[in-house]
Amino acid sequence: MTIGVKEIYAFKDIHNYDSSSGGAFPAIIRAVGLIERCNPIVYGAAFDENFNVKHIRTSCEEEYISLRGSKYVQSKLGNIYDSVCSDLIDGKVVIFSGTPCQMEGLNKKILKDGVDNSRLYLVDIVCHGTPKPIVWNDFKEWLEQRENSRLVEFSFRYSKAKWKSYPVMARFENEKRYINSFKLRRYTELFYSDLILNSGCYKCPFANINRNSDITIGDFWGIRKVIPEFPYKEEVSQVLVNTQKGKKLIEIMKNFEKCNVVEAELEKAIIYQMCFNHPTRKPDLYEEFWNDYSSMDFQNILKKYGGYNFRGAIKHLLKKFLGETGILILLKNIIKR
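Under our numbering, residues 375 to 711 are what the sequence shown spells out, in order.
Errors might be hidden in some of the hints.
Straight line, CA to CA, 16 Å or less: simulated EDC-like cross-link-like pairs of lysine to aspartate or glutamate [stated by the list, open to error]:
(1) Lys514 to Asp658
(2) Lys482 to Asp456
(3) Lys599 to Glu641
(4) Lys466 to Asp456
(5) Lys678 to Glu662
(6) Lys534 to Asp422
(7) Lys486 to Asp456
(8) Lys380 to Asp666
(9) Lys621 to Glu410
(10) Lys380 to Asp658
(11) Lys628 to Asp456
(12) Lys607 to Glu631
(13) Lys622 to Glu637
(14) Lys577 to Glu662
(15) Lys506 to Asp593
(16) Lys557 to Asp593
(17) Lys642 to Glu381
(18) Lys599 to Glu639
(19) Lys621 to Glu609
(20) Lys450 to Glu410
(21) Lys534 to Glu641
(22) Lys514 to Glu527
(23) Lys514 to Asp490
(24) Lys677 to Glu603
(25) Lys428 to Asp456
(26) Lys514 to Asp456
(27) Lys380 to Glu608
(28) Lys694 to Glu563
(29) Lys380 to Glu609
(30) Lys642 to Asp593
(31) Lys466 to Asp490
(32) Lys622 to Glu381
(33) Lys632 to Glu609
These are computed hints drawn from the structure, not numbers from a lab.
Note that the structure is predicted; figures quoted are calculated from it, not measured.
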């Protein structure tokens, strides 16, 4: 991988209604297809039939859809690195998406095996930290018990919700569907607390702009101040270009119809992206939380750390009202000013 480019862009695809951000990842897949004149093999995180999060291999447009959407859980890799290397040896064009630590693992595997990576495109995310799968699995089981029905659809960031701050949606086998309900957002509360991350996330060596990928994508925080003239202020992707491969991709993406791509000032943009400046800070209650986790049932964990109590319910209703009416965003902007 050739390092040497460092540019940052705002990206918004107004055709992409299913994306919780600006739709950069589908556009990257499309750009690779145009450069290489083929449908690439795309690897990324997806739910399996039991809503475990794992990396999968996809090979056509219909399958790419399963990779869309944020998954706030550490994905299981299995033998995925071997599969990527096998595809590259067979001369296939490959896109691998994931966290920067997953990029590092793949890069080391490719170097060790002496595999030609000229047809490999690496896309990492701006990573806040990866929650341990055990918490997601326990939460999913708790939800199904509360509903007395099996989960059949889940979104960590439901793009059609009125409340834009990490809106959650779940649909069950009994045909009931919930959006941003009090129970659904308990996992979000745990994620916000930073208590459920892997311990290595608090000393992540990739929490800066020196990435090990061709392109890094995330939400464009602070866009109102960084690019005030950008026509969209919400659900905008931030695209950090790291290599010449990445540069070729963004140049192609600039020409896509109905896509807005504007370069930003790097030094100004990274101010608002916490994980380009330092790793997530380890909470003081981290050890206490995990000691409790090993001895308490999950509902009591939610009561103590996830706001599953009367005070949390009142707080949720207030946030929901402010979020869905747009008052919350207005208040945040006033405070920032």
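| query | So which hints don't hold here, by number, going up? | reply | Numbers 1, 6, 8, 10, 11, 12, 14, 15, 16, 19, 20, 21, 23, 24, 26, 27, 29, in rising order.
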